[in-house]
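There are 4 protein chains.
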Amino acid sequence: MTRPSNPVMDRQIGLSMKALDHGFVRLVDYMGDDAAVVQAARVSYGSGTKTVNEDRGLLRYLLRQRHTTPFEMCEIKLHVKLPVFVARQWIRHRTANVNEYSARYSILDNEFYIPETDDIMPQSKTNKQGRDGALPEDVRNAMRETISMHSASSYDLYEELHTGWPWFHADGNRVSPDEDIDQHDEGHGLAREMSRMVLPPNIYTQWYWKVDLHNLLHFLSLRADPHAQYEIRVYADLICDLVRQWCPMTFEAFEDYVMYAQRFSRMDMEALKHIAANTPITTVLEAVANMDSSERERGELLTKLGVQRD
Amino acid sequence: MTRPSNPVMDRQIGLSMKALDHGFVRLVDYMGDDAAVVQAARVSYGSGTKTVNEDRGLLRYLLRQRHTTPFEMCEIKLHVKLPVFVARQWIRHRTANVNEYSARYSILDNEFYIPETDDIMPQSKTNKQGRDGALPEDVRNAMRETISMHSASSYDLYEELHTGWPWFHADGNRVSPDEDIDQHDEGHGLAREMSRMVLPPNIYTQWYWKVDLHNLLHFLSLRADPHAQYEIRVYADLICDLVRQWCPMTFEAFEDYVMYAQRFSRMDMEALKHIAANTPITTVLEAVANMDSSERERGELLTKLGVQRD
Amino acid sequence: MTRPSNPVMDRQIGLSMKALDHGFVRLVDYMGDDAAVVQAARVSYGSGTKTVNEDRGLLRYLLRQRHTTPFEMCEIKLHVKLPVFVARQWIRHRTANVNEYSARYSILDNEFYIPETDDIMPQSKTNKQGRDGALPEDVRNAMRETISMHSASSYDLYEELHTGWPWFHADGNRVSPDEDIDQHDEGHGLAREMSRMVLPPNIYTQWYWKVDLHNLLHFLSLRADPHAQYEIRVYADLICDLVRQWCPMTFEAFEDYVMYAQRFSRMDMEALKHIAANTPITTVLEAVANMDSSERERGELLTKLGVQRD
Amino acid sequence: MTRPSNPVMDRQIGLSMKALDHGFVRLVDYMGDDAAVVQAARVSYGSGTKTVNEDRGLLRYLLRQRHTTPFEMCEIKLHVKLPVFVARQWIRHRTANVNEYSARYSILDNEFYIPETDDIMPQSKTNKQGRDGALPEDVRNAMRETISMHSASSYDLYEELHTGWPWFHADGNRVSPDEDIDQHDEGHGLAREMSRMVLPPNIYTQWYWKVDLHNLLHFLSLRADPHAQYEIRVYADLICDLVRQWCPMTFEAFEDYVMYAQRFSRMDMEALKHIAANTPITTVLEAVANMDSSERERGELLTKLGVQRD
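Residue numbers (our numbering), protein chains in the order written: chain G, 1 to 310; chain F, 1 to 310; chain D, 1 to 310; chain Y, 1 to 310.
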């Protein structure tokens with residue numbers, strides 16, 4: 001036997017997909033694919049490999065029925081460069097492995113996320129945790145400029161703090177304005193772990209992030225959602241594109257049963273059943289007949305709606 | 001301030017709820033309640049306590065929108081006695097704390113789960129991992145008797161192994177049939193960690209199980225479900241009763257938005273929209289008007305169905 | 001039975017312990033205590049409660065032998081106010097429950113951590129991720145002042161962004177310098193989720209944090225360690241004080257077997273055995289005899305050193 | 001760039017290593033290697049790749065200092081066949097992904113672990129949860145035979161239950177002793193989820209198990225330990241062999257700093273310092289000089305012992 005691999009993914013290893021102004025998502029490694037999910041599920045069921053079509057059916061069944069453990073059998077590792085405020089949302093997904101650049105150990109680069117003027121929006125009137133609507137162009141330009149200047153001056157301050165420059169000589173004497181500052185001696189820098197306190201969270205950090213397919217899909221269901229903040233959604237959308245190539249059958253099932261699915265509450269269900277009961281049966285059956293679903297799922301829909309086929 | 005407590009729960013501490021023939025669920029301790037969920041959520045939102053009605057609305061909103069972290073702020077600890085095969089399913093829920101009786105360290109009691117004849121059923125024709133239908137009473141009785149006898153003789157064997165009795169004297173000589181077996185010396189027992197190999201998994205074990213409310217609800221959504229094996233469902237149902245008393249508003253929301261909710265796939269949604277579009281708008285609006293939901297949820301249902309209230 | 005409680009802890013509920021300049025650690029709730037650890041361990045061992053002295057011995061045995069699951073049976077919930085850069089380190093401990101103040105949803109308060117001049121230090125020469133040594137007082141004062149001014153001006157900018165004030169009128173016209181700015185109309189604020197991008201990470205956030213005792217001790221072993229950054233150590237030290245009151249026997253064992261213990265590598269062990277073999281046996285035995293340990297642990301030490309008591 | 005791979009491991013994919021009498025460990029897939037650990041660590045440190053020797057030093061440093069996250073960047077997937085009682089211990093390691101053969105869905109094979117007579121031992125006198133010492137050969141043979149016969153008869157019973165054979169005809173009439181049992185009809189089988197209740201836990205199950213390198217090493221530190229039950233240790237030892245080939249530098253460090261390391265308590269440390277203080281300094285320095293360690297670690301050992309080098 002040879003190690004499972006996916007040629008489409010193999011070609012992507014090491015390539016960066018650009019995100020926001022200076023960020024990226026880069027594929028480092030992966031383990032498994034659609035077939036690996038099926039293979040693990042078949043251990044549970046005690047049966048061997050089948051046709052591609054049966055594999056697809058099994059995958060869709062697993063995802064539909066929340067049999068999540070086989071999807072944990074695939075793993076992906078990404079190198080991501082992202083603003084700190086995005087990292088703060090991302091890290092809340094706990095079932096993942098992370099190695100982040102350490103600002104205690106190293107100097108952060110002078111790279112900040114400066115939003116495009118088109119992305120600068122007011123507080124949403126309806127969504128207390130989102131943005132929506134439009135600001136006058138002048139306002140947007142001014143805000144962008146303000147954020148940009150604040151970022152630059154914060155970084156200058158960071159450098160001054162960790163290099164100890166140009167306020168003081170190593171003997172503690174203040175540098176006088178008429179001194180040639182290139183000549184002054186070094187040595188009064190503030191520790192890196194403290195200097196970083198002045199760097200606003202639109203600065204870029206980077207990390208290696210490793211996660212299994214099940215937990216990745218959960219991440220995507222929350223972060224590629226319209227309610228997620230735009231800046232993390234940009235990353236989630238890129239990762240969606242990657243998963244679509246990595247595990248196409250799983251991703252298709254994810255779109256059908258999670259992303260474009262809807263949950264109906266107990267109260268919703270009562271209303272739906274009322275509607276279905278007061279609609280001509282031919283209309284219901286016609287709708288069901290046109291579904292791009294398995295026969296089994298059509299039957300299940302009728303059951304959910306409380307409709308008897310005959 | 002005083003420690004949050006719930007008098008109904010306080011009275012239950014230490015009481016056992018009987019499960020199956022020899023099992024139980026016993027409340028050991030708990031932390032938090034509905035108010036603790038709200039309190040934690042309000043930290044996120046930066047606002048203080050509100051009326052009971054607002055609390056209920058917030059709880060329902062959180063559960064509906066999958067804001068799961070506030071529900072992790074409650075914790076419950078149970079002492080459970082359960083057959084080993086049930087424990088094997090239960091332990092798959094990884095986000096929980098467990099201390100199980102150790103058969104390496106101690107002798108297991110002679111208690112086995114012997115199913116009631118009413119619960120003895122054939123393999124389901126439609127569900128490859130379930131039971132369904134009926135067996136003749138004679139068959140059921142014989143099977144029950146068989147399981148019962150097998151359990152008893154397995155335990156006898158277990159005792160013989162770990163005590164080393166009555167086959168051999170400590171000097172290795174076989175006990176002869178005419179010896180008075182009460183007189184023979186001890187000392188040739190097999191180690192407990194090996195003797196247990198003969199004990200079938202309907203033997204009872206016990207453990208302390210501690211879990212947060214969010215993960216408990218997830219457990220209940222899977223194990224109080226009709227697809228779960230009957231024997232674990234008995235435990236899940238008892239725990240449902242406990243949670244209903246512990247966090248009544250959360251449990252009500254759980255029933256409305258999870259337990260009695262339905263997920264509709266992308267394909268289902270297309271069919272639903274077709275039905276809604278071909279049903280008199282008055283029928284749809286009437287169904288929605290009768291919903292026992294918030295105004296907001298009624299609007300959301302119409303949106304999901306692609307219907308404009310006009 | 002009644003719910004386990006600890007009067008010392010009960011009195012602390014709701015009280016804040018001050019941390020850094022504006023932060024705090026506040027006990028919200030707890031579950032279990034030393035006795036709960038013992039109780040859960042005894043389920044594994046199939047035996048009932050014992051004397052206090054036996055309980056202490058069992059606790060110490062469990063902690064020494066890395067039987068960690070009984071310590072997961074206690075839980076604590078804290079309300080913590082802390083600088084964002086401390087929160088970023090803290091959140092890496094994944095086995096915990098967190099609800100953080102949301103800057104997408106609410107306005108952050110104008111409170112920043114400004115280090116005391118005594119805590120302002122240069123980069124350590126020996127520890128690439130720490131601070132050590134001294135800076136001239138002038139330098140320290142200047143740095144403190146700089147951080148303070150930067151924090152204040154960042155907050156001003158934050159307010160200007162999220163209120164949209166005072167650059168523009170709601171009609172998009174720029175506010176002229178001679179206008180009475182209190183009079184200008186509102187409405188061009190930037191969304192909160194964007195405005196926060198200018199707030200440096202010494203701003204305070206807050207969260208509810210809930211964790212089990214085992215994972216808390218692991219957190220403390222890393223964060224109350226001299227290698228941890230000073231600012232998170234302040235919090236860890238306060239929590240140590242709390243755990244000492246909550247579970248005194250466990251905390252004592254933690255100090256003896258983890259905090260003040262040392263790990264010796266395979267190579268260290270060879271050197272140790274060489275030393276022990278070349279030291280008069282009376283010296284070794286004398287050292288062992290004076291140990292404040294159980295007889296069993298004394299024997300184990302001799303075994304580790306390869307010394308036979310003869 | 002190409003996908004990281006390890007030719008030694010690639011050759012092992014799909015090969016089974018025999019464990020116990022019918023079990024195995026089979027490599028299914030892996031992600032990363034020693035270099036991947038280093039690569040992730042270097043993201044934290046913001047520096048690129050180095051020489052092999054520097055990599056080894058970094059790996060050893062990371063493991064020694066408990067910087068565990070880079071080791072989470074490697075992942076391995078194994079197909080394991082193991083007795084159920086071993087699986088019950090194994091599954092307690094929660095940070096892993098598992099897909100087990102389902103006895104609700106499929107029929108278990110007639111394969112049981114029957115211990116070799118050499119492995120049949122009495123309860124240990126000193127270790128309450130272990131085996132130690134010797135039993136007379138007669139006793140061992142008798143016990144082995146007993147376990148073997150019990151396993152076989154349990155499986156017969158299992159088959160009788162799930163096939164419903166040979167007690168009853170499908171019409172519910174009892175099969176008479178003189179009937180040709182091959183001829184009787186099928187159809188009164190007990191559901192698989194119930195029939196399995198008679199199968200003792202030395203029956204073999206199988207699963208796919210996927211885990212990251214950090215959590216795998218933790219598993220090995222507990223399960224390849226002499227205190228672990230022999231039957232799980234057999235598996236842990238095989239996996240040790242695999243990890244040694246997969247990540248040789250990491251495994252060497254693991255042996256040096258974990259497996260053959262010892263922890264000394266606060267009390268142990270006092271005794272050690274007493275010994276070191278009362279031993280000729282030349283003896284201590286000689287022992288240290290002979291260490292197969294880095295210069296830094298030699299210094300650290302002296303510091304731990306409270307000895308000043310000059």
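None of these hints come from the bench; they were simulated from the model. This one's a predicted model, so the numbers in the text were calculated from it and none came from an experiment. Note that beta-carbon positions come from the ideal geometry of N, C-alpha and C, so glycine has one too. One should not assume that every hint holds.
[What the hints assert, rightly or not] Just the calculated beta-carbon pair ranges, DEER-fashion:
id : chain 1 : residue 1 : chain 2 : residue 2 : range
1  : F       : Leu15     : G       : Gly133    : 55 to 61 Å
2  : Y       : Arg92     : G       : Gly306    : 43 to 49 Å
3  : G       : Gly14     : Y       : Leu15     : 26 to 32 Å
4  : F       : Gln308    : G       : Gly133    : 17 to 23 Å
[Unchecked claim] Partial list, computed: chain F residues near chain D (C-beta under 7 Å):
id : residue
5  : Asp29
6  : Ser44
7  : Tyr101
8  : Tyr105
9  : Tyr208
10 : Thr282
11 : Glu286
Here's how the hints hold up against the structure:
{"no.": "1", "hint": "Leu15/F with Gly133/G: 55 to 61 Å", "in the structure": "56 Å, holds"}
{"no.": "2", "hint": "Arg92/Y with Gly306/G: 43 to 49 Å", "in the structure": "44 Å, holds"}
{"no.": "3", "hint": "Gly14/G with Leu15/Y: 26 to 32 Å", "in the structure": "30 Å, holds"}
{"no.": "4", "hint": "Gln308/F with Gly133/G: 17 to 23 Å", "in the structure": "22 Å, holds"}
{"no.": "5", "hint": "Asp29", "in the structure": "5 Å, holds"}
{"no.": "6", "hint": "Ser44", "in the structure": "5 Å, holds"}
{"no.": "7", "hint": "Tyr101", "in the structure": "6 Å, holds"}
{"no.": "8", "hint": "Tyr105", "in the structure": "5 Å, holds"}
{"no.": "9", "hint": "Tyr208", "in the structure": "5 Å, holds"}
{"no.": "10", "hint": "Thr282", "in the structure": "39 Å, violated"}
{"no.": "11", "hint": "Glu286", "in the structure": "36 Å, violated"}
Violated hints, listed in ascending order, are 10, 11; each of the other numbered hints is respected by the structure.
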